[in-house]
Amino acid sequence: MPIISMDLEGMVLSWNAAAEQVFGWSADEVLGRPLPFVPQEKMQEHMETRRRMLAGERISRLELTRRKKNGESVEISLSASAMYNETGEVIGFMAAIEDISERKQQEHDLRKAKEQAESANRAKSEFLSNLSHEIRTPLNGLLGMMQILNSSDLNEEQSEAVEAAFGSIDRLNRLLADVLNLSKIEAEKLEKLESEFSLRELCATICAEYARAAREKGLSFECPTLGPSVPERLMGDELRLRQVLYNLVGNAVKFTKRGEVRLTITPLSEETQQRWLRFSVEDTGIGVAEEHLGRLFEPFYRAEGAYSRSYQGAGLGLSLVHRFVRLMGGRVSMDSTVGSGTIVHVEVPFRVPEASAVATDLPDSHEGELQHAPLDILLVEDDRINQLALKRLLEKRGHNVEVASNGQEAVDLFAQFEFDCILMDIQMPVMNGIEATQSIRTSETLSARKRVTIFAVTAHAMAGDREQFVAAGMDDYLSKPLKLEALEELFLKHRVAAAELP
Numbered sequence: 353m354p355i356i357s358m359d360l361e362g363m364v365l366s367w368n369a370a371a372e373q374v375f376g377w378s379a380d381e382v383l384g385r386p387l388p389f390v391p392q393e394k395m396q397e398h399m400e401t402r403r404r405m406l407a408g409e410r411i412s413r414l415e416l417t418r419r420k421k422n423g424e425s426v427e428i429s430l431s432a433s434a435m436y437n438e439t440g441e442v443i444g445f446m447a448a449i450e451d452i453s454e455r456k457q458q459e460h461d462l463r464k465a466k467e468q469a470e471s472a473n474r475a476k477s478e479f480l481s482n483l484s485h486e487i488r489t490p491l492n493g494l495l496g497m498m499q500i501l502n503s504s505d506l507n508e509e510q511s512e513a514v515e516a517a518f519g520s521i522d523r524l525n526r527l528l529a530d531v532l533n534l535s536k537i538e539a540e541k542l543e544k545l546e547s548e549f550s551l552r553e554l555c556a557t558i559c560a561e562y563a564r565a566a567r568e569k570g571l572s573f574e575c576p577t578l579g580p581s582v583p584e585r586l587m588g589d590e591l592r593l594r595q596v597l598y599n600l601v602g603n604a605v606k607f608t609k610r611g612e613v614r615l616t617i618t619p620l621s622e623e624t625q626q627r628w629l630r631f632s633v634e635d636t637g638i639g640v641a642e643e644h645l646g647r648l649f650e651p652f653y654r655a656e657g658a659y660s661r662s663y664q665g666a667g668l669g670l671s672l673v674h675r676f677v678r679l680m681g682g683r684v685s686m687d688s689t690v691g692s693g694t695i696v697h698v699e700v701p702f703r704v705p706e707a708s709a710v711a712t713d714l715p716d717s718h719e720g721e722l723q724h725a726p727l728d729i730l731l732v733e734d735d736r737i738n739q740l741a742l743k744r745l746l747e748k749r750g751h752n753v754e755v756a757s758n759g760q761e762a763v764d765l766f767a768q769f770e771f772d773c774i775l776m777d778i779q780m781p782v783m784n785g786i787e788a789t790q791s792i793r794t795s796e797t798l799s800a801r802k803r804v805t806i807f808a809v810t811a812h813a814m815a816g817d818r819e820q821f822v823a824a825g826m827d828d829y830l831s832k833p834l835k836l837e838a839l840e841e842l843f844l845k846h847r848v849a850a851a852e853l854p
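Numbered as in my numbering, the sequence shown ends at 854 without a single skipped number.
I should point out that these hints are in silico values taken from the structure, not numbers from a laboratory.
Heads up, the beta-carbon is just placed ideally off N, CA and C, and yes, glycines get one too.
Warning: the hint list may mix true and false statements.
Simulated restraints on C-beta separations [stated by the list, open to error]:
#1 R744 x R610: 36 to 44 angstroms
#2 N502 x F769: 29 to 37 angstroms
#3 R463 x V442: 36 to 44 angstroms
EDC-like cross-link-like pairs, simulated, lysine to aspartate or glutamate; straight-line CA separation at most 20 angstroms [stated by the list, open to error]:
#4 K394 x E450
#5 K835 x E415
#6 K845 x E553
#7 K466 x D451
#8 K606 x E561
#9 K456 x E415
#10 K569 x E486
#11 K609 x D734
#12 K421 x E486
#13 K802 x E819
Work out the full structure, taking the sequences as your base and the hints as a guide.
What follows is the structure, encoded as structure tokens:
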């Protein structure tokens, strides 16, 4: 370690071999002379350090940039203090120096790598967001047109064709959602979303979808019954639980050619405020060989070869199940026998709502009234096909629809007419949906108008999008491709009703 000393005038008194090795000057070149390694531009900093030591301060691990004899910079860590004589007078300064150039270079490289990784992640997120938008926009138009066609008078062959198209649209949409979810997880942007929900309704939705698919394959499908020890209402991440069960039940139906698929729910604890529940999905399908079991939760891993393609899918389902369950604080396990079937257990903790908490669903006497009462709706959408599809769908339900092709048109129409609800796209020319919403909310405040309900209906579906829309003043969010039933659920949830006539 370089050890040097100097007098009060700054002349070097001692200079060891380590100092010569680090800085390049020999002792003969520096003894009795000013410190050679302090650049002129650093002299004020050097004098300030000497002043502090004269005042009695001990300098500890002060990181500085100095220069070598060959002109190169060197990063050092300085620990120094004043030297005293027998009478306690300061007679000079003693310093121990550590060459930290290698460490500083490593820190610089790490910072640079981190910045590059963050830049790559931002670019990836932007790319996926744009990809999501570009795929979901035409997909929304296609779904809308198919919904219009499905509501017309079709013969059996036409109905089968429409149902097949719905299935393909749904499959593409789920694949896109899986890819985006995996991206969010890898970017550590996926957060746990806790809310109160009905376990009975969640199970009914899943069973309604897959019971039909099971029947078409000649399978027996058993839905869970909630025993007295299983709470009907829970506090937890309903969205992730729904995605987990959709993936598991969907896989069970897909990989089972004969026999049955069973979904069961078992309580693991009966604490007052927290319940662990086990969701088990069992099938009599093809099973999984033992050598594949450990890798099935890896992204894109498929137990069959890439060219056999006996079963559809990108191989993301179980990877997402594993990560979603971990996000919820739970655990997942799988047992399988080739040719006999598979059982997957998912164990997740939930909180139990207060006994006083009640469902937020509207009474039946009002649901029909709200769902079917004609609304004055402003549809803000720049894609012509999506305009046509959604406008016709809403009009078939009896609603009155005005169309704006960009945010500025929406602001202008809002200034002229009263609307019960605004369906707002986000990415549009002239003025985007966020800017338009902010302008409308400002206008409401200034004119003391009644607050209109605004829903984002957009192809953007990345992490943080919903929070950004709500912060801008929107009431809720629907991702394209849009199903009319999902929109009507939002009408009910937010009590959207036709304005009373004066």
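Hints, verified against the model:
| no. | hint | verdict |
| --- | --- | --- |
| 1 | R744 x R610: 36 to 44 angstroms | holds, 43 angstroms |
| 2 | N502 x F769: 29 to 37 angstroms | holds, 31 angstroms |
| 3 | R463 x V442: 36 to 44 angstroms | holds, 40 angstroms |
| 4 | K394 x E450 | holds, 18 angstroms |
| 5 | K835 x E415 | violated, 62 angstroms |
| 6 | K845 x E553 | holds, 15 angstroms |
| 7 | K466 x D451 | violated, 25 angstroms |
| 8 | K606 x E561 | holds, 13 angstroms |
| 9 | K456 x E415 | holds, 10 angstroms |
| 10 | K569 x E486 | violated, 34 angstroms |
| 11 | K609 x D734 | violated, 45 angstroms |
| 12 | K421 x E486 | violated, 60 angstroms |
| 13 | K802 x E819 | violated, 23 angstroms |
In this structure, the earlier hints numbered 5, 7, 10, 11, 12 and 13 are contradicted, and the remaining ones agree with it.
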